[in-house]
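From the two separate chains plus the hints, produce the assembled complex.
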Amino acid sequence: MSRVKLINAEEAPLLARPFYASGDPGPIVAALAQVPELLDVAMPFIGATLGPSFIPLRPKELVILRTSAVLQCRYCVEVHTVVASEAGLTADELVALREERPLAEVFDRPDELALLQWVDALALGRGPIADPIADAVRGHWGEPAMVELTVLVGTTMMLNRLCTGLELPTSPETLTRLAELGFSR
Amino acid sequence: MPGRVWIYANYNCNLACTYCLTESAPGVAKRAMDPDEMLRVAREAKDLGFTDIGITGGEPFLLTHLPETLAEVAQVLPTLVLTNGTLFSDVRMERLAPLAELPIALQISLDSPDPDVNDEMRGPDNFAKVVDAIPRLRDRGIAVRIATTGEPDRLDEDDHARLCELHRGLGVADEDHIVRPIVQRGRAADEGMGTTFQPEEIPAELCITVDGAFWSPFGPTVRGGELDTDLLISRTTAPLGRPAGLLHRLVEGRPHGDDVTIGIR
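Going down the list, the sequences are from chains A and B. In terms of my numbering, the first sequence opens at residue 123 and continues consecutively. In terms of my numbering, the second sequence opens at residue 360 and continues consecutively.
Just so you know, the hints here were simulated from the structure itself, not pulled from any lab data. In this text the structure is predicted, and so the values were computed from the model without any measurement. Among the clues, some could well be false.
[What the hints assert, rightly or not] In the EDC-like style, the derived pairs of lysine to aspartate or glutamate whose C-alpha atoms are separated by at most 16 Å in a straight line are:
(1) B:Lys389 / B:Asp570
(2) A:Lys127 / A:Glu289
(3) A:Lys127 / B:Asp589
(4) A:Lys127 / A:Asp146
(5) A:Lys127 / B:Glu585
(6) B:Lys488 / B:Asp449
Bound conformation, chain B alone (with noise of 0.2 Å):
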């Protein structure tokens, strides 16, 4: 089973996409994990032959801890981290040097190639701020992919050749570029938005929050405030090799106790 542990490092974010799983938004509860913690993780997932580890939100870079954190991760495991990419200043961007030496990622959402297309569900000048952020951050040496989130019909062949084109622009390669399915949870669900999922289409991969371990990072989202637990797996998540044995045993489809009686009411 072992792969990626993905790292929910907080749910708030300076945008608020209309399709979030998570609910995210300025103002929302921050659910925000200590850098210790996200290390822990990291550093425990390396020990149970995890191999890489995925750290998300909300957006993370709201965390001020976040650059040095990074770094300290990315020594244990290589390290994808998921943002939104319009909150690179110029001393954020100083703060991210160390990154360019480390085996990390940072992939940046980009929906569209046309702004208002792109802003319409990303917020004003969003297109602007990651075609900015993008090339600075690869002048760095700092690893750049593009993950593009949409319904199958609003991204044409055109618009997606169109897309293909800017990215390479900027220097993120094809291999580089991924194109997921909007996922009916969160707010998504609300504008009924995207695609609905059974836990067993959703690939099982260790997701590590505050509030406890998930299947996947499809798992911890918000709806109406309230935490979905559809895909919880445990609150317990110290130490690590707890919710991944659980998680295991629930891949290889092994229920605990189903011998035995259940006599109560």
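The shape of chain A in the complex, shown without the other chains (with noise of 0.2 Å):
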């Protein structure tokens, strides 16, 4: 299915070894390993992202998975909408994240409704955002979280066209699980 060749542990450049020391590493860093000078620094930069830090892991999943749902990329809807459930979202939300309901009908908090429109407005606008949006986001988490949620949009959204472009794999794993969510894909 995936447009590039996905480099195998046997195969894995020096620089991308440490990324499948643990088993298999997923497609990304499959991909990513067939240029090993980019993986070596990509990988720290997306794990400072996408990965723990100051900001809790539920905001970060609901900006990564609402961005890869209106960006529509299948690999990363499927493989956050279990991450998501298993940062603890609600059915209800992971079905309004991923568009196949209103946002406003399922998310309550002011700072959460806030964030998802930041996002919306990054991942789907043209040019600049309107003041009042970016105002409700500062407002509610901050500066440093502003910059850091922003740049998570931006990271995600890069992921996202990596893997649509390529044509990821989602793996059998986790197409049970998100079957065992109540999701087809």
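Here it is, written out as structure tokens:
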């Protein structure tokens, strides 16, 4: 399915090997391993952006799943539906983030609604973002979090296009878990 | 770390030796490096403190520009060229004449003192062409080394002694004769020949090809027509300092970003 060869552990270039140390690193790493010097610098950045930080996991997964849904990234929506579920998001919340139900019907916290409005404006819009939307997210989250969450949207968009462009495959395990959660894809 | 930087001039060859690491043969993808690029690598290698250039293939002398390019490269750094020694026509010999004044040596493969044993691995008439070429090169003042590649049990003491007698008779001294094992990569892996090595057992020598930079000249091997990537350092080869720096970091065992928890799938 993938449009490029996904490098396996035996084929892994030297700089890529640490990422295979714990088993299958997933198709993003396996694709980036074709250019090991890029993988080498990209993964710490991606890990720092998407991984644990001073911002809790729940809002990060709100951003990642919503961004991926509005950019229609099959791979990222499938994977992060499972990750977000494991982070504690409810089934209704997952459905709303995946554009299968209006956000305002499910999310009632003003800080999260402000964040999701910010995500939609960044991921779907062109040109400047309206001041009220920016003021709301800054007011609820503060500037450092606003900066990191904005970088998170951009990084997710980059990964969305990478995964979509290269048609990276979702693992059978993830598809099974999705089915258990009531999602066909 | 510096030392020698290796350059893969090309991957195609007029021979198809049984143990070839790069599956070289007539008609394979050439992966040929431009002469300007070879010279760029040599110049940057010198600036970075490397002391020698090694040029290998394939058969580098299939590149029509090679004699002149070697003359330029050898003016930058001492150069060793690996060749099968079978393409040295009178015309090519004349074009090699300037190399006599330069710090350059041709390392020619010869695997046995017995023509039939040598040719079984390296192709018909290989032995005859090599023993013809070596004195002609030496008569022109071009330094020659001999490389013997083989399985340990194929060259016994008597064979080794006869091979040494042969190369001495051709004017190649003992210190210019190297004996090396077959590395089980490329065609040798398909034939079940040679010895396997872990990366850490292979000395780190920066190796530049058109496909990227590798840990060693044993790195950019080909199997089933596909380039092996397990010893790939980087696709980027310019400036040379980039892959050189990455190789140095790997040699020192300092992984990059290993303190960052990767929280993605």
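> Quick check: which numbered hints come out false for this structure?
Replying inline: none
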